[in-house]
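Read in our numbering, the sequence shown has 53 at position 53, and its numbers run on one by one without any break.
Take these hints with a grain of salt, some might be off.
[Stated by the list, open to error] Straight-line alpha carbon distances no greater than 27 Å define the calculated DSSO-like cross-link-like pairs of lysine-lysine that follow: (1) LYS26 with LYS8; (2) LYS133 with LYS145; (3) LYS257 with LYS229; (4) LYS257 with LYS47; (5) LYS257 with LYS149; (6) LYS200 with LYS241.
Worth flagging that the hints you see were computed from the coordinates, not collected in a lab.
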Amino acid sequence: MYLTLNFKKFETENIISYLNDNTDTKTLTEKDGEFSQLPQQTTFGFKQILGRVFSNAFYWENPNIDSTHPIESISFLVSTSTQSQKIGDDLMVVINTKSDNFSIEGLRSSISAFNNQENKNANEFFNAILGFKLDEVFDDVTTGKYNAKCIESNGNEELDATYSVLAGFYYYAFILQYRLERTQVATDVNAANFNEELIKQKTFLLDLNRFFLTPNRSENKSIIEFADKVMDQFKLSNNIKIRSKNVELFDDLAAQKNI
Numbered sequence: 001m002y003l004t005l006n007f008k009k010f011e012t013e014n015i016i017s018y019l020n021d022n023t024d025t026k027t028l029t030e031k032d033g034e035f036s037q038l039p040q041q042t043t044f045g046f047k048q049i050l051g052r053v054f055s056n057a058f059y060w061e062n063p064n065i066d067s068t069h070p071i072e073s074i075s076f077l078v079s080t081s082t083q084s085q086k087i088g089d090d091l092m093v094v095i096n097t098k099s100d101n102f103s104i105e106g107l108r109s110s111i112s113a114f115n116n117q118e119n120k121n122a123n124e125f126f127n128a129i130l131g132f133k134l135d136e137v138f139d140d141v142t143t144g145k146y147n148a149k150c151i152e153s154n155g156n157e158e159l160d161a162t163y164s165v166l167a168g169f170y171y172y173a174f175i176l177q178y179r180l181e182r183t184q185v186a187t188d189v190n191a192a193n194f195n196e197e198l199i200k201q202k203t204f205l206l207d208l209n210r211f212f213l214t215p216n217r218s219e220n221k222s223i224i225e226f227a228d229k230v231m232d233q234f235k236l237s238n239n240i241k242i243r244s245k246n247v248e249l250f251d252d253l254a255a256q257k258n259i
C-alpha cells in the first residue's frame with residue numbers, strides 16, 4: 001500500500017541537501033531536473049513530463065529505520081517555483097508499507113486525531129501514524145491540514161520506484177486541481193483583474209491537461225494499469241474536465257463583458 005502525503009512548508013535546500021547526502025537514497029533526477037533512468041519502463045516523453053513537474057526526486061528502498069509498520073520504501077518528490085512552469089512549492093512523500101494490520105479507516109481516525117494537535121510537523125506525523133521518525137530536518141517540514149491517500153500496490157516489487165513516483169505524481173495532480181477549484185469558487189467575475197485572473201487559470205489548466213492527462217506513459221501493461229487505477233481513484237479526468245468547463249464559462253462571460 002502506498003501512502004501519499006503532501007507538505008507545503010519546508011526549506012527546499014535543506015531537504016534536497018539531506019537527501020543528496022543520504023547514501024541510502026537513490027537520486028532519480030539529474031541537475032537539470034530531467035529524470036534519467038527511473039522510473040523504469042516509462043517513456044522518454046513521460047520522463048520529460050516528470051522533470052517539468054518535479055525538480056528533484058529521490059527513492060529510498062528498504063530504509064533502515066525503526067517503525068511499527070514495515071516500510072518497503074520512501075520516495076520524495078520536490079516541486080519548486082524555481083521551475084520554469086512554476087506549478088507550485090510542494091514536497092510529496094510516498095511511503096510503501098506492507099503491514100497486515102494497517103487499515104484505511106484506522107488511518108483516517110489517526111490523522112483526524114493528529115490534526116487536533118498543535119505545533120505539528122512531519123516527523124511528529126510519521127511517528128504518530130506509522131511509528132517512525134526521519135532526520136531532524138523534517139522537524140521543520142509541515143503543512144496546513146495533514147492528510148494521506150492510500151493506493152493499493154500491484155505487487156510488482158521490481159517496479160516499486162515507478163509505482164511510487166506515479167502515486168505521488170497523480171496525487172499531486174489531485175491536489176493541484178483542487179486548488180484550482182478553490183480559486184474558481186473564489187473568483188470575482190466583477191473584479192477589475194478578472195481577465196488577468198482568467199489567463200492565470202487557463203495557463204494552470206493547460207499544465208494540468210498536458211502534464212497529468214497524457215496517455216504517453218509506458219508500454220508496460222502493469223504500469224499502464226496502475227497509472228489508470230490511480231487516475232480513476234482520484235477521478236482526475238472528470239475533475240479536470242469540470243475545471244475546464246468553468247474556464248470556458250468564465251471565458252464566455254469575459255467576451256460578453258468586452259462587447
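Hint-by-hint comparison with the structure:
no. : hint               : result
1   : LYS26 with LYS8    : holds (23 Å)
2   : LYS133 with LYS145 : holds (19 Å)
3   : LYS257 with LYS229 : violated (42 Å)
4   : LYS257 with LYS47  : violated (42 Å)
5   : LYS257 with LYS149 : violated (42 Å)
6   : LYS200 with LYS241 : holds (17 Å)
Of the numbered hints stated above, those contradicted by the structure are hints 3, 4 and 5, listed in ascending order.
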